[in-house]
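Enquirer: Chain by chain, the residues:
There are 2 protein chains.
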Amino acid sequence: MLHPVILSGGSGTRLWPLSRQNQPKQFLALVGDHSLYQETVLRASRLPDAQAPVTVCADEHRFMVGEQLQGIGVPSGGILLEPLARSTAPAIALAALHVLAKDADATMLVMPADHLIDDADAFGAAVEAAAALAREGWLVTFGITPDYPETGYGYILRGAALGEAGYRVARFVEKPDLATAERYLAEGGYAWNSGMFLFRAQAYLDELGRHAPAILGAARAAYAAAEADLDFTRIGREAFAASPSDSIDYAVMEKTDRAAVVPVSCGWSDIGSWSSLWSVAERDDGGNRYEGDVIAVDTRDSLVRASERRMIATIGVEDLVIVDTADATLVARKDRVQDVKAVVDRLKAAGRSEHLFHRKVYRPWGSYDSIAVGPRFQVKRIVVKPGAALSLQKHAHRAEHWIVVSGVAEVTCDDKVFELRENQSTYIPLGSVHRLRNRGSEPVELIEVQSGSYLGEDDIVRLEDVYGRS
Amino acid sequence: MLHPVILSGGSGTRLWPLSRQNQPKQFLALVGDHSLYQETVLRASRLPDAQAPVTVCADEHRFMVGEQLQGIGVPSGGILLEPLARSTAPAIALAALHVLAKDADATMLVMPADHLIDDADAFGAAVEAAAALAREGWLVTFGITPDYPETGYGYILRGAALGEAGYRVARFVEKPDLATAERYLAEGGYAWNSGMFLFRAQAYLDELGRHAPAILGAARAAYAAAEADLDFTRIGREAFAASPSDSIDYAVMEKTDRAAVVPVSCGWSDIGSWSSLWSVAERDDGGNRYEGDVIAVDTRDSLVRASERRMIATIGVEDLVIVDTADATLVARKDRVQDVKAVVDRLKAAGRSEHLFHRKVYRPWGSYDSIAVGPRFQVKRIVVKPGAALSLQKHAHRAEHWIVVSGVAEVTCDDKVFELRENQSTYIPLGSVHRLRNRGSEPVELIEVQSGSYLGEDDIVRLEDVYGRS
Chain B
1 MLHPVILSGG SGTRLWPLSR QNQPKQFLAL VGDHSLYQET VLRASRLPDA QAPVTVCADE
61 HRFMVGEQLQ GIGVPSGGIL LEPLARSTAP AIALAALHVL AKDADATMLV MPADHLIDDA
121 DAFGAAVEAA AALAREGWLV TFGITPDYPE TGYGYILRGA ALGEAGYRVA RFVEKPDLAT
181 AERYLAEGGY AWNSGMFLFR AQAYLDELGR HAPAILGAAR AAYAAAEADL DFTRIGREAF
241 AASPSDSIDY AVMEKTDRAA VVPVSCGWSD IGSWSSLWSV AERDDGGNRY EGDVIAVDTR
301 DSLVRASERR MIATIGVEDL VIVDTADATL VARKDRVQDV KAVVDRLKAA GRSEHLFHRK
361 VYRPWGSYDS IAVGPRFQVK RIVVKPGAAL SLQKHAHRAE HWIVVSGVAE VTCDDKVFEL
421 RENQSTYIPL GSVHRLRNRG SEPVELIEVQ SGSYLGEDDI VRLEDVYGRS
Chain G
1 MLHPVILSGG SGTRLWPLSR QNQPKQFLAL VGDHSLYQET VLRASRLPDA QAPVTVCADE
61 HRFMVGEQLQ GIGVPSGGIL LEPLARSTAP AIALAALHVL AKDADATMLV MPADHLIDDA
121 DAFGAAVEAA AALAREGWLV TFGITPDYPE TGYGYILRGA ALGEAGYRVA RFVEKPDLAT
181 AERYLAEGGY AWNSGMFLFR AQAYLDELGR HAPAILGAAR AAYAAAEADL DFTRIGREAF
241 AASPSDSIDY AVMEKTDRAA VVPVSCGWSD IGSWSSLWSV AERDDGGNRY EGDVIAVDTR
301 DSLVRASERR MIATIGVEDL VIVDTADATL VARKDRVQDV KAVVDRLKAA GRSEHLFHRK
361 VYRPWGSYDS IAVGPRFQVK RIVVKPGAAL SLQKHAHRAE HWIVVSGVAE VTCDDKVFEL
421 RENQSTYIPL GSVHRLRNRG SEPVELIEVQ SGSYLGEDDI VRLEDVYGRS
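If you read the protein sequences in the order shown, they are chains B and G. Counting in UniProt numbering, the first sequence runs without a single skipped number right up to 470 at its last residue. Counting in UniProt numbering, the second sequence runs without a single skipped number right up to 470 at its last residue.
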């Protein structure tokens, strides 16, 4: 049976300011209504014989993964939480151990969470061909038939044919310069290394054990030390930390003599930058892609994204990427967007937070958005999901006013528990033990006005928490 | 005696999105800490023999004028409120009548409120020379010695010399094309028409009566019908509406044989566009002017203004104007900024409000800013100035929660009057007659959460108002 494995470990900042460390690009709806992660899950789920997908992700993204799975109604085959990043070879080993525990003959389809595939039929046919090779013991990588001499990807040179649709891998090559890439295209037989794989779980572990035994050992120990936490499988930190950090390409694929490649042309993109998003997006006659409230005058070949309650006007510009968010706007030449890294580096160096969080912050119980700040106050817009509850908590430095604007909240304040409905308010004095809960079926939305001498997120003592954070 | 007259009637949108109809560019601090209007008032006040300045402005800007005068501690010589715009000839006539009522021999220095002058000494010397000519009965215009062949201004050709520093006006010429402007500079004797004038008030009225008697008649009638309203002189609407709309140039200066010009080189700019602001601003080695929180990578010859609580990052761009506000961001090529008019036209055509108001709206009592909106609620951040009071009012469709975050508010709610201090809150039920007042010496800041089925600004019944709005 085919077990999709979604690698969602990336915390890429190449799509900053939309992508932030706590909400990286795989969780963003960049094209259409679903996030790239959701698109990947849906794509995998529609394949014949596909089992519930296994997700490997960073600990800090667990609630986002859970919520996004729920949002598309796809049952989870497991959410494995990496305590720290160790690249793809160890992550895939964890997933292999996880699926083997349920299915001794499991075949895995490994897909990064942040790729886009336009032609699902072509991809499905390639998966079928790869599955046939995997049954023969091959470790199959998907090679994207190149459209143009891209210098940002590694390439795979195919060798002898294996049946009708596959080949032995002759050679993996690093990102080439432009002349070399052009030569690859002219010569033929080269494909882009997509980072997607298909193999029997046991075959992967066998080859990993042969070529990178330290990774296999660490992954086995870390998986054995895993603990269940709600819907999540929390991988053992100490054992996993001991694993070498290496990619599946370096650790296994480039070393094994069982590497095969299935070439495919399926409208694949890894959306590695704003310019690549522009190039895959539908555009108007002027070559522009607009999202949100945009008024454009004489604008060409640009990507413009406005954010909620804000408009962007452009005049006489071309080849720009303009991306607006609640707290930061990027204006970049389209061929310079890779330097967004330089901006993120400056944010890091200055100890700022615009690369870590959006102004609106997601939490397991919902979200909050800091809509105003002053010297001794802060105003937050808070949404609590149906059935969710914030922790039972108290603050040492702030009092809070809560005004419910929709839904029905259950409020605990010291020894009292009461309901608060639309247009009702309450006051949480400094030091009071309090909790906010939504027992209804609609979201609760409320405005919180904090007042006090210190208003940092760290002024919180959690006495009880349904999400294990106390 | 010299009576400065500040013409503040403009509602220019050429500096949109910073400039809005209810807060046009003369009231913005574009260069330095003071607004252009304040700079103009201060410049005039420092001249020898200068009397308190008279301001002519639109009715809707009266509180901003009052507040900005107060902000620089300059006493007002009168604030004349135009009920509607009739261009400069009628406006100057109103000011002439106003100063003549106090001083039968008054000399007027007429200055648009939105010009920048770098070299106050050179300007002072030109005023002195102009005053000498005005005493001889000349109507003097200030001609700016051109630095370059600008095609956006009219030009004045000087004729015979009048003493050491002035000339008769030989001819006014319309905005030239580039070749013509280049010829003007090569020939010499041409100056930019600055829109600043100096003359005896009676001399102006005499010439106006001679060349545009309908304007004089309407201005006399409108001034006679004026009513005092707090510190303002509210010009009679019906009589003023009957005036032809014409500029002083067309109505008087081009027709009179008493027109003189004093050439001056004083670092003058009318800041007629974002590119002209860029050209007068101090810039870094890369030719950039940054205001606010800007992170720029490889950026050249650009003007970038971030707004409060928001950052702008730029990468690899040049010759751009990027101006951010709470609800709109402009990204324009610097040589295309005049087309901001096209954006404003689209906003008008769509019945929007981003050309009329900022998100933060100034009122005679302070300001409000709509920091969040939802289907049945709105959150406002409200500041009430010391000594100020909102109207005694009620709403048909909304209840309000008020939480004071600084200062001490006096709250009236039906038959109760009470104080509300920092971290205290109250509830104004739907239909209650209520008022908010600041009797203290510090601003009151509060958060208002409105809840109801309709939340428009027009759901208000004013029962009493200290600003005459009930």
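Don't take every hint at face value.
Copies of the same chain are indistinguishable here, so a pair counts whether it falls within one copy or spans any two.
Here are the simulated SDA-like pairs of lysine to any residue, each with C-alpha atoms no more than 20 angstroms apart in a straight line [claimed, not checked]:
id: 1; residue 1: Lys102; residue 2: Leu230
id: 2; residue 1: Lys360; residue 2: Ala326
id: 3; residue 1: Lys385; residue 2: Gly440
id: 4; residue 1: Lys175; residue 2: Val74
id: 5; residue 1: Lys341; residue 2: Gly316
id: 6; residue 1: Lys334; residue 2: Gly316
id: 7; residue 1: Lys341; residue 2: Tyr454
id: 8; residue 1: Lys348; residue 2: Ser45
id: 9; residue 1: Lys360; residue 2: Asp327
id: 10; residue 1: Lys360; residue 2: Ala186
id: 11; residue 1: Lys385; residue 2: Val373
id: 12; residue 1: Lys360; residue 2: Glu308
id: 13; residue 1: Lys385; residue 2: Asp246
id: 14; residue 1: Lys175; residue 2: Ala50
id: 15; residue 1: Lys102; residue 2: Gly159
id: 16; residue 1: Lys348; residue 2: Asp298
Everything labelled a hint here was simulated from the structure, so no lab data went into it.
Enquirer: Could you run down the list of hints and mark each one as holding or not?
Expert: Hint by hint, here is what the structure shows:
1. For a Cα distance limit of 20 angstroms, the shortest separation of Lys102 from Leu230 inside one copy, 19 angstroms, qualifies, whereas the shortest one across copies, 83 angstroms, does not.
2. When the C-alpha separation of Lys360 and Ala326 is checked against a cutoff of 20 angstroms, the pair qualifies both within a copy, at 8 angstroms, and between copies, at 16 angstroms.
3. Only within a single protomer do Lys385 and Gly440 lie at most 20 angstroms apart by alpha-carbon distance; the minimum there is 9 angstroms, versus 42 angstroms between protomers.
4. Proximity of Lys175 to Val74 under the C-alpha cut-off of 20 angstroms is found in neither arrangement, the shortest distances being 36 angstroms within a copy and 68 angstroms between copies.
5. Within a single copy, Lys341 and Gly316 get their C-alpha atoms only as close as 27 angstroms, which misses the 20 angstroms cut-off; across copies the closest is 13 angstroms, which meets it.
6. Taking identical chains as interchangeable, the C-alpha atoms of Lys334 and Gly316 lie at most 20 angstroms apart whether they share a chain (15 angstroms) or sit on different chains (9 angstroms).
7. For the homomeric pair Lys341 and Tyr454, neither the shortest alpha-carbon distance inside one copy (33 angstroms) nor that between copies (45 angstroms) is at most 20 angstroms.
8. Taking CA atoms no more than 20 angstroms apart as the test, Lys348 paired with Ser45 passes in neither setting, with 38 angstroms inside one copy and 49 angstroms between copies.
9. For a Cα distance limit of 20 angstroms, the shortest separation of Lys360 from Asp327 qualifies both inside one copy, at 10 angstroms, and across copies, at 17 angstroms.
10. Within a single copy, Lys360 and Ala186 get their C-alpha atoms no closer than 48 angstroms, and across copies no closer than 60 angstroms, so neither meets the 20 angstroms cut-off.
11. In this assembly of identical chains, Lys385 and Val373 lie within 20 angstroms of each other by CA distance solely across copies; the values are 19 angstroms between and 25 angstroms within a copy.
12. When the C-alpha separation of Lys360 and Glu308 is checked against a cutoff of 20 angstroms, the pair qualifies both within a copy, at 12 angstroms, and between copies, at 17 angstroms.
13. In this assembly of identical chains, Lys385 and Asp246 lie within 20 angstroms of each other by CA distance neither inside one copy nor across copies; the values are 39 angstroms within and 62 angstroms between.
14. In this homomeric assembly, Lys175 and Ala50 never come within 20 angstroms of each other (Cα to Cα): the closest approach is 33 angstroms inside a single copy and 73 angstroms across copies.
15. In this assembly of identical chains, Lys102 and Gly159 lie within 20 angstroms of each other by CA distance neither inside one copy nor across copies; the values are 35 angstroms within and 100 angstroms between.
16. For a Cα distance limit of 20 angstroms, the shortest separation of Lys348 from Asp298 across copies, 19 angstroms, qualifies, whereas the shortest one inside one copy, 36 angstroms, does not.
Comparing the model with each earlier hint shows violations of hints 4, 7, 8, 10, 13, 14, 15; every other hint is respected.
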